[in-house]
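*Asks:* Okay, here's what each chain looks like letter by letter:
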Amino acid sequence: MIDKLTRFTKTITRRSKALFADGGTVQDGGDESALLPRPSGAFFGSLPFWLPPFLLMGFFVYGAIGWNFVISLTETSGFGAVDYSQLDGEQYTRALGDPTFIEATTNTFGLLVAFTTVCLGIGLLLAILMDRKLRFDNGFRTIYLLPMSLSFVVTAQFWLWMYNYNNGLINSITSTLGLGRYRWISDPELVLPAVVFALIWQFSGYAMVVYLAGLRAIPTDHYEAARTDGATTFGLYRRVIIPQLKGATISAAVVLMVFALKAFDFLYSLTGSYIPPEGSDILATMMVRQAFRLNNQAYAAAIGIMLFVLAIAVIAPYLTYQHKQGEL
Amino acid sequence: MLVLNRSIGTQRLLLYGMLVALAGFYLLPIETGLMTSIKTNPLSTAPFLPPGPDGLTLDKWNTAFSQLSTGLINSIVLAVPATVFSALFGSMAAYGLTTLNWRGQLPILVLFIAGIFIPYQAVLIPLSKFWAVYVPLDELLAALWGLPLLEPYHGDLLALIISHVAYGIPITTLLFRTYYRNFSEEMIAAAQLDGATPARIYWRIMLPLSVPMFAVTLIYQFTQVWNDLLFALVVMGPSEGAPVTVPLSQLGASLSEIGFGVRMAGAFIAALPTIIVYIIFGEQFAKGVAT
Numbered sequence: 001m002i003d004k005l006t007r008f009t010k011t012i013t014r015r016s017k018a019l020f021a022d023g024g025t026v027q028d029g030g031d032e033s034a035l036l037p038r039p040s041g042a043f044f045g046s047l048p049f050w051l052p053p054f055l056l057m058g059f060f061v062y063g064a065i066g067w068n069f070v071i072s073l074t075e076t077s078g079f080g081a082v083d084y085s086q087l088d089g090e091q092y093t094r095a096l097g098d099p100t101f102i103e104a105t106t107n108t109f110g111l112l113v114a115f116t117t118v119c120l121g122i123g124l125l126l127a128i129l130m131d132r133k134l135r136f137d138n139g140f141r142t143i144y145l146l147p148m149s150l151s152f153v154v155t156a157q158f159w160l161w162m163y164n165y166n167n168g169l170i171n172s173i174t175s176t177l178g179l180g181r182y183r184w185i186s187d188p189e190l191v192l193p194a195v196v197f198a199l200i201w202q203f204s205g206y207a208m209v210v211y212l213a214g215l216r217a218i219p220t221d222h223y224e225a226a227r228t229d230g231a232t233t234f235g236l237y238r239r240v241i242i243p244q245l246k247g248a249t250i251s252a253a254v255v256l257m258v259f260a261l262k263a264f265d266f267l268y269s270l271t272g273s274y275i276p277p278e279g280s281d282i283l284a285t286m287m288v289r290q291a292f293r294l295n296n297q298a299y300a301a302a303i304g305i306m307l308f309v310l311a312i313a314v315i316a317p318y319l320t321y322q323h324k325q326g327e328l
Numbered sequence: 329m330l331v332l333n334r335s336i337g338t339q340r341l342l343l344y345g346m347l348v349a350l351a352g353f354y355l356l357p358i359e360t361g362l363m364t365s366i367k368t369n370p371l372s373t374a375p376f377l378p379p380g381p382d383g384l385t386l387d388k389w390n391t392a393f394s395q396l397s398t399g400l401i402n403s404i405v406l407a408v409p410a411t412v413f414s415a416l417f418g419s420m421a422a423y424g425l426t427t428l429n430w431r432g433q434l435p436i437l438v439l440f441i442a443g444i445f446i447p448y449q450a451v452l453i454p455l456s457k458f459w460a461v462y463v464p465l466d467e468l469l470a471a472l473w474g475l476p477l478l479e480p481y482h483g484d485l486l487a488l489i490i491s492h493v494a495y496g497i498p499i500t501t502l503l504f505r506t507y508y509r510n511f512s513e514e515m516i517a518a519a520q521l522d523g524a525t526p527a528r529i530y531w532r533i534m535l536p537l538s539v540p541m542f543a544v545t546l547i548y549q550f551t552q553v554w555n556d557l558l559f560a561l562v563v564m565g566p567s568e569g570a571p572v573t574v575p576l577s578q579l580g581a582s583l584s585e586i587g588f589g590v591r592m593a594g595a596f597i598a599a600l601p602t603i604i605v606y607i608i609f610g611e612q613f614a615k616g617v618a619t
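Keeping their order, the protein sequence lines are chains A and B.
FYI, the numbering for the first sequence is 1 to 328, going by this note's numbering.
FYI, the numbering for the second sequence is 329 to 619, going by this note's numbering.
Calculated from the structure, these hints are not laboratory results.
FRET-style restraints, in silico, Cβ to Cβ:
{"id": "1", "chain 1": "A", "residue 1": "Pro99", "chain 2": "B", "residue 2": "Leu343", "range": "42 to 52 Å"}
{"id": "2", "chain 1": "A", "residue 1": "Leu328", "chain 2": "B", "residue 2": "Trp473", "range": "43 to 53 Å"}
{"id": "3", "chain 1": "B", "residue 1": "Asn510", "chain 2": "A", "residue 2": "Pro219", "range": "11 to 21 Å"}
Covered stretches of chain A, as calculated for chain B (at least 3 residues, CB under 8 Å):
{"id": "4", "region": "46 to 53"}
{"id": "5", "region": "56 to 69"}
{"id": "6", "region": "124 to 134"}
{"id": "7", "region": "141 to 151"}
{"id": "8", "region": "161 to 173"}
{"id": "9", "region": "262 to 269"}
{"id": "10", "region": "291 to 304"}
Source: prediction; values computed, not measured.
For every residue, glycine included, the Cβ atom is placed at its ideal position computed from N, Cα and C.
This is chain A alone, in the form it adopts within the complex (with noise of 0.2 Å):
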C-alpha cells in the first residue's frame, strides 16, 4: 500500500512539476514570501481550509456541550425558556442520591469493562488464527466484520429473536444442552449479560482488525529469532509478540469504549421506546429519558456532562500517548 502510494506521489510530482513549469502563468515566481512560505503566510494560507470545518465542528461539539454544562447548573424542566438567573451544582448532588442513576452508573461501568475487555480478547485470538497466510483470508475478514457495518437497529432487531423465550434460537441450544430455557430480555439479572454477548458479537471483528494490522507490522525476524532461541508457540506469543501490540489494545479499547458508549441506540430498539428493558438501564438511556421523556432536562445535562468527564478520564491520556507515540 505505501510503496504504491510512494510510487504513485512520485508520478504525481512529475506531472504537476510539468504542470506547474509551464505555468509561470500560475504566479511569476519573483515574490520571495512564495518560494519559502514564513510561518504566518502558512498561517493565513491554511485558514480558509481548516476554520469553516473547525467553527462548524466547534459550535455544534464544543459550544453545545458549554451550554449544555450551563444548562446543567439550572432548574429547567424542558418547557419555556431557561430561566438562568439562578446557576447552582444541585442537579450534580441530587445525582449522587438518586438510586437510578446509581444503578445505571454500575450497568455503564460494568458493560464497558466486560465489553471491551472480551471484545479485546477474541479480537486478539482472532487475529492470531488470521495471521498465518491464510486462504480467502479477505473472505473471513469479511464475515467477521460484517455485524459491525449493520446499524444498532438492525442487531436490536436480530438479537431480540435470537433471545426469544419460546422460539429463540439461544433457548433452542440451552434447553437441548439440557440447560433450561431463560428470559434472556425480561430477566434483570440476565439482560445485561446477554446486550454485552450481543454487542460483542457486533464488534469483536473490529478489534480483530486492529489487532492484525498490528501483528503484520511486526518484522518478521522478531519471530526468527525467537524461534532460534527456541520458544514455543505459546512463549512467543507471550513474550514477543503481545508486547508489541500495546499501541494496538490500547487504540481499540477507546474506540471500542466509545462504541459501548453508543449502545443506547441498540438498548432503545430493544423495546422502542425511552424505557431499556429492566435492568439494562445505563447512564446514556438514562440521559436521554430524563430529557425527552421525564421532562428533566437540567437533570439530564448534568448526566450528559458527567458522561462527557467520564468520557475525557479515558481520552486525555489517550491522546497524550498518542502525541508521544508521534501518531497525532
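Got chain A; can you put chain B on it based on the hints?
*Replies:* Chain B in isolation, oriented as in the chain A frame:
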C-alpha cells in the same frame, strides 16, 4: 506471517475448521433473521432452517417495505449529502492542519480529534433546543415548501444533515490526516517553489490524490449516518421526515412471535444499503475502521 515448521496438514485443517465455525457464529443471527423473514409461519421450522416445502413467502418483505419506504427515501436524502459534505470538510481541515505546516496547530488538531470521542449525550439538549427553538428551519424556509417535491419536514431533514456533517468532521479529519501525513513533502515543496498557492495545491494535487481516501471516508461515514438513531430521534422524533431507523425501531413492537417475520424483513430492508456498500467496498471499510 507466522509459518510453522511442523507438519502442517492436520494443523491447517484444524485452523480452517475453527475459522469456519467462527464465521458461522458471526453469520448465524443474520441468517436466522433472513430465514424467519421468508417463512409463512415463522414457527414452522427451527429459526435458522429454511422454510418447509410450501412455506416460502415474500409477504413479510412487502409489509415491511410498505411501512419503511418513506423512511428509506428520507435516509437516502439524509445520508448522501451528509456524507459528502463531512468528507469534503474533513479533507479540507486535514489539509490545512497537516500538509500546510504552521506553528501552534496542535491544540486545534487536538480539538478536532477529541471531537471523535465525545459522548453525544453531552450535546443532545442544546442540539434539540437549537433546532427547535432558535433555528426552526421548517419555519425559516417556509417559502420553499411550496416548490414541487419539497415538504415542510425537509426542514427537519436539513437540520439533521447539518448536524451529521458537523459531528462527522472529527473522524473524517482524522482519516484524511493519517493519509496526508504519508504524502511526500518534496512534492508539495516543489509545487510551492513553482509558486502554487495553497488553494491551487489543494485542488490540483491533494484532491486528485485523495480519491482512495475519499472512498474509505465516504463508505465509513455513509454507514455511520445511515445507521444512526439517536440524532434522528432528538432532532425530529417519529415524524414524517424520520430516517428508516426510527420506524424500524417501532416496527412490530408487539412482541408476538408472528410479528418477528415482519421485524426481520424490516431489519434487512433497512440494512440492505449498508450491506451492499459493505460487500462491494469491504476493503475500504476495513481500512476506515482500522485507522
